[in-house]
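One line per chain: the protein sequences are S, A and D, in this order.
So the first sequence is numbered by the working numbering: it starts at 95 and just counts up by one.
So the second sequence is numbered by the working numbering: it starts at 95 and just counts up by one.
So the third sequence is numbered by the working numbering: it starts at 95 and just counts up by one.
There's no promise every hint is true.
If several chains are the same, the list does not tell them apart, and a pair holds so long as it fits within one copy or across any two.
Stated by the list, open to error - Listed next, the in silico EDC-like pairs over lysine to aspartate or glutamate satisfying Cα-Cα at most 16 angstroms (straight line):
no.: 1; residue 1: K481; residue 2: D385
no.: 2; residue 1: K455; residue 2: E243
no.: 3; residue 1: K455; residue 2: E247
No lab work stands behind these hints, which were simulated from the structure alone.
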Amino acid sequence: MSKIFTNELIKKLSLLNTEKMYLNDFLHTWDKTDQELSAIYTVATILEEMRKDNISPKVFDSGLGISLFRDNSTRTRFSFASACNLLGLEVQDLDEGKSQVAHGETVRETANMVSFMADIIGIRDDMYIGKGHAYMKEVAESIEAGHQEGVLEQRPTVVNLQCDVDHPTQSMSDMLHIINTFGGVENLKGKKIAMTWAYSPSYGKPLSVPQGIIGLMTRFGMDVSLAHPEGYEVMPEVEEIARLNAQASGGSFTKAASMADAFADADIVYPKSWAPFVAMEKRTELYGNGDDAGIKALEKELLAQNALHKDWECTEDLMTKTKNGKALYMHCLPADITGVSCDEGEVAASVFDRYRVPLYKEASYKPYIIAAMIFLSKFKNPSDTFKTLMDQETSRIL
Amino acid sequence: MSKIFTNELIKKLSLLNTEKMYLNDFLHTWDKTDQELSAIYTVATILEEMRKDNISPKVFDSGLGISLFRDNSTRTRFSFASACNLLGLEVQDLDEGKSQVAHGETVRETANMVSFMADIIGIRDDMYIGKGHAYMKEVAESIEAGHQEGVLEQRPTVVNLQCDVDHPTQSMSDMLHIINTFGGVENLKGKKIAMTWAYSPSYGKPLSVPQGIIGLMTRFGMDVSLAHPEGYEVMPEVEEIARLNAQASGGSFTKAASMADAFADADIVYPKSWAPFVAMEKRTELYGNGDDAGIKALEKELLAQNALHKDWECTEDLMTKTKNGKALYMHCLPADITGVSCDEGEVAASVFDRYRVPLYKEASYKPYIIAAMIFLSKFKNPSDTFKTLMDQETSRIL
Amino acid sequence: MSKIFTNELIKKLSLLNTEKMYLNDFLHTWDKTDQELSAIYTVATILEEMRKDNISPKVFDSGLGISLFRDNSTRTRFSFASACNLLGLEVQDLDEGKSQVAHGETVRETANMVSFMADIIGIRDDMYIGKGHAYMKEVAESIEAGHQEGVLEQRPTVVNLQCDVDHPTQSMSDMLHIINTFGGVENLKGKKIAMTWAYSPSYGKPLSVPQGIIGLMTRFGMDVSLAHPEGYEVMPEVEEIARLNAQASGGSFTKAASMADAFADADIVYPKSWAPFVAMEKRTELYGNGDDAGIKALEKELLAQNALHKDWECTEDLMTKTKNGKALYMHCLPADITGVSCDEGEVAASVFDRYRVPLYKEASYKPYIIAAMIFLSKFKNPSDTFKTLMDQETSRIL
C-alpha cells in the first residue's frame, strides 16, 4: 500500500498501447494484444492499490452499467456491481428471461432502447453453445450502428461476463492470481499448468472456463496440459487458438490422457467439471424446440456419463504428483467438494481446505478485472486519467 | 453541441413561468400551461446538450427515485432509471404485485413509509380503466398529507409514467421529436397529424397513448385527425379536452372514418393498436372479481374483434396518401411489424424499416423528458440552478 | 432546524465512548453499552437535522450495502436503502431464496464472495426460531476471518435488520420516538410501558418485536409490563435480560395477566400480535423437514389458538385505563386494524386513527437509526467526521 507503487504502475501503463481498447468491447482474450492484456492487469492492480489507500477512482459522475444475465448468478452479479460502483456507474438489470433468446430486430431495438444513457453493458450468456458469443456480437453491432446513426450520443461498450466460448473475466482474474502467486509474469515461462476435467454430480457446466484458461494461459510461455475423459472435448477452434498461442509464446499446449498425467510435475492445477460439447449442442437444440422431455432425458444421460468418471477427482494422492507436491490448486468456485457439498465431487475436502484462502483471493480479483475492462474502454489516455485521480485524492470513505 | 446554445436555452427558460411546477406532480399534460410544457422541452434539451458536452447535471447528492410499476416494463423502467441517475437519484423499486391494487389506508401508509427519503415517485399503472389515474392521485394526496402532518420532511413529487388516461412522458417525447423534426414549435401550425388505430394480434393495449397524443398535439395549432374502427372509441372526456385545445390553439380536432381518410395529406402519422374502452372496463371488473375464466373469454373475444380490422395496417400504399408521400411515421415502440414480429400487424416491414432511425430517436427523448419533469418539480428557479451547473462544469466522465 | 442544535449534538457525541462500535456489528441492543445506544440516537438525530438543513452527510464516495432478506419486506427494504443512499452506499440485494438456509462452507464462501467491495451487510432473518441470530453470527465470523486471512481488504459490518431474537432497528426507532415524545431520555424514569400481545387473524408473526422492546426499554428506568395469553411466552433468556436491565436501571420488569392490567396507568402501550414460541420452534423443524402438510396443519392450529384470544384488542375502552386515558399508542406497522384491514384485529380503528400521525413519525426514524448504526461502525471518531461534513456543507439538493 504505497502511492509510490501505484505511481510506478501508472507509469508502466503509459508505456502500453491501449488505443484500440478505447470505445471497444471485451469479448475474447484472444482478440486482445499482449500489451492490452498487460494493461488490464496493470489497471486492475492500480485500482486495488487505490482502494487500499482509500483513494476513490470514481470517474463517472453518473451513468448506467447494464447487466444482462441469462442465468442466475450471485458472484458474477456482485463482481460486476462492485466494479461499476467503484467507478461511479449504477447497475440496472435487463431481465430478458432465461429461455427467450431474442433475435434480430428485437435485439437491435432493445439494445438501443436501454442504451441512451448507458456506458457499459455486461452480458453473461453461457448456457447455449453457439449462441452466447453470437448474441454479444449482435448487441455490440446494434449499439455501434445506433451510435453511427446518431441515435446514441455515446457508444456503450460490451463486457463479456461469460459466453459459450470464453470467460475472460474469470481467466484474467485467474491469471492475475497466478502472476501474484509466482511473483510476476516474467516468472511464468516454463511453468506447467494442468487444466483438467473433474467429476461432478451435476451436468451442463459451461465449457467456457477450460476454454478461457487454455486460450489465455498459453500466451505466457507456460506448458499448458489439457486432460479430460473421452467425449468431453472442448471446442476445436479454441484448442487451435491455444496451439497457436503456445507457438508464439514459446510455451506448449498438449493433451494428456489422464488427470495423473496432466498433474505430473505441474506447478498449477485447475481441475473442474464441464459438460460434453456435443451434449451442449444437443441441449441447445432441445431448448430451441421447447422439448422438455428431451431435455430431461439428456440430463439423465449426462449424469450417467459423468458417473463413469468418478475417478477424475483432485485427491491428496494426485496432488503429491505435482511439482514438489505443492502445485497451486485453482478453481473458479463454487467447487463440488467431496463430503462437503456432495458425496463425491471434483476435489477432496482436505485439498480444498488447504487452498481455501488462495481460492478466495483468486476470486477477489474479478471486480478489479471487470473495472479495468470498463476503464480501458472509456479512457483514451488511461494513465493521464489515473494521474488526475491521484492528484485529486478524493477519499473513498471520508 | 455548443455551450452558447445551452446558455440561450437557459435564458429562454428564465422567461417561462414554472412556479406552479415546483413541488408539484406531473399527472396529465392538460393540467399544465403552455409555458410549463415549453419549460419541459427546454429543460429536456438543456439536459441533452449538457450530456453531449460532458457536463454533469447532477443536482442530488443523494436521494431516492421510487418506481412503482404495475406491469413489466423494460423501456419505461430504463428511461426512468436513466433520468434519475442523470440527476443523482438512486432508483428503488416498490413492487406491489400486478393484480393487488391497494386502497385506502394501505396506500396512504405505504406511500408514507417509502417516502421518508424519497424525492420522486414514478408510477406506471395503465392496466385498469378508471384505476390508474385514481391511484396516482391517491398516492399524491397521501404524501401531501404526510408532508403537511410533519411526517415527511420533504414532499416527493409524482411523475405519471403512464396511467389509464394519459401517457405524458410518451406524448411529450413524441412532441419533442416532432418539434425537432419540423425545426421548431413555430412550424407546427396547420400541420396535420393522423392518430389512428392499427391492427395487432394482441389485445388489451392501453388507450393512454392515443389519448395522450390527441390531448397534447391539439395544443400547437395542428390539425389532429383521429381514426379507429367502430367500437374502439377512446375516453369521451379526453376527446372533449382535444376539442377545447384545438379551439384555443387555432388548430382542429376531427374524427376520420378510415385510416386512408386520416392519412390523406398528413404530415405525421401515428398508427397504433389499442383496446376497446368498453372491453377494458369489463376487464377491470373481471380482474376485480378474480374471474379468470371471464378474462380468458374476453381475451378471445377481443382477438376476434381485432381480427375483423386487419386492413388497418400502415402500408406503403397508405403512406403514399400522406403529404408528398413522406409523412413522418411515429410509434411508441415496440411495434407489431408485419412479417417481422408477427404475421400481420400494425405496420409494413418496409415502412417501419425506413423510419427505424427516427423511431429510435423519438424514443431517445424519454429519459430527458422524465428528467425535465423531475427537475422542474424540484427547483424553484430552474434557470438559476442550470447556471450554477454550467459554472460548476463538473465532467460527467472524468 | 438550526446548525447550532446540530453542532451541540456533535459535541455531545464527542463525549460518548463509541470506540468498540468501530468496525463492529450491531446484532442485539443488549450487546451495546448505554453510551453506545446514546450515540446511536445522537447520530440519528444529527443525520435528521442535517437532512432538514439540506446538508449532505455522504461519507462514501462509493461502496456497497448488501441486503439479505429471507422474507419479503417493503418497509425494512426502503429503510435500509434510504440509510445506505444517504451515506453514499449503493444497495445490492443478495437473494438466497426464502427456504434454503445455507450453512457452513456455503455461508463462509458466499459471505466472502460478495464482500470484496462491501461496506455493510444488512440481514433480516426472523422466520425461524434458533436460526436467524445464528446465521448472522456465522456471516459476521466468516467475513471477520476473511479479513484476518487477507481476503477482504476491509471488513464489512453486519446490521441486524431483524432476527429471531432481537429487532434492534425497530426497538431503537421506537425508543427515539418515545424520547422525542416525552421530551428527552431523562424524563423516562418511572414511566410505564405496556408491551402486550394482541389478537390477529394471522399466524407466525415474529417474537423479535416484543423481545426487542422488553430488552431495550428496561434500560431507561421505565416500568415495563409484559402481558400475553398463556402459551405466548417469549424467549426466557430475553426475559432474563429484561429483568437484569431493569435492576441496573432502577426500573422494573413485570408480567401482567391481562391487557387491562398491563394498560393500567401506562404512559405508553404497544399491543401487537406474535406467535407462540413453541409453535415457532415446531415450524422451524417442519420447514427443515420440508413437511408441507405439517406446516399447513400447524398454521390451522395456530389460527384457532389465536382465535381464543380475540378479546386481546386495543379498544377505546382499554385506552381509558391508561394514564389520563392518553397513553402513547405504538406499533411497528402494519397493524391489523379492526374493520379496516381485517374484521377483528389488534386495534380499534378509532384508536389507530387518532395515533396515525405519531405512528408514521415513529416509523420515520428507522432510516436514520440504520444510518447511525452504519456510521458508527465505520468512523473511529464520528464527531470529527461530522465536523468535516458540517464544514464541507455540501448541499443534498443543489
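Here is what the structure says about each hint:
1. With identical chains, the CA atoms of K481 and D385 are never at most 16 angstroms apart, being 56 angstroms at best within one copy and 61 angstroms at best between copies.
2. Taking CA atoms no more than 16 angstroms apart as the test, K455 paired with E243 passes between copies only; the shortest distance there is 9 angstroms, against 44 angstroms inside one copy.
3. Taking the closest pair of Cα atoms, K455 and E247 come within 16 angstroms of each other only across two copies (10 angstroms); inside a single copy the shortest separation is 39 angstroms, beyond that limit.
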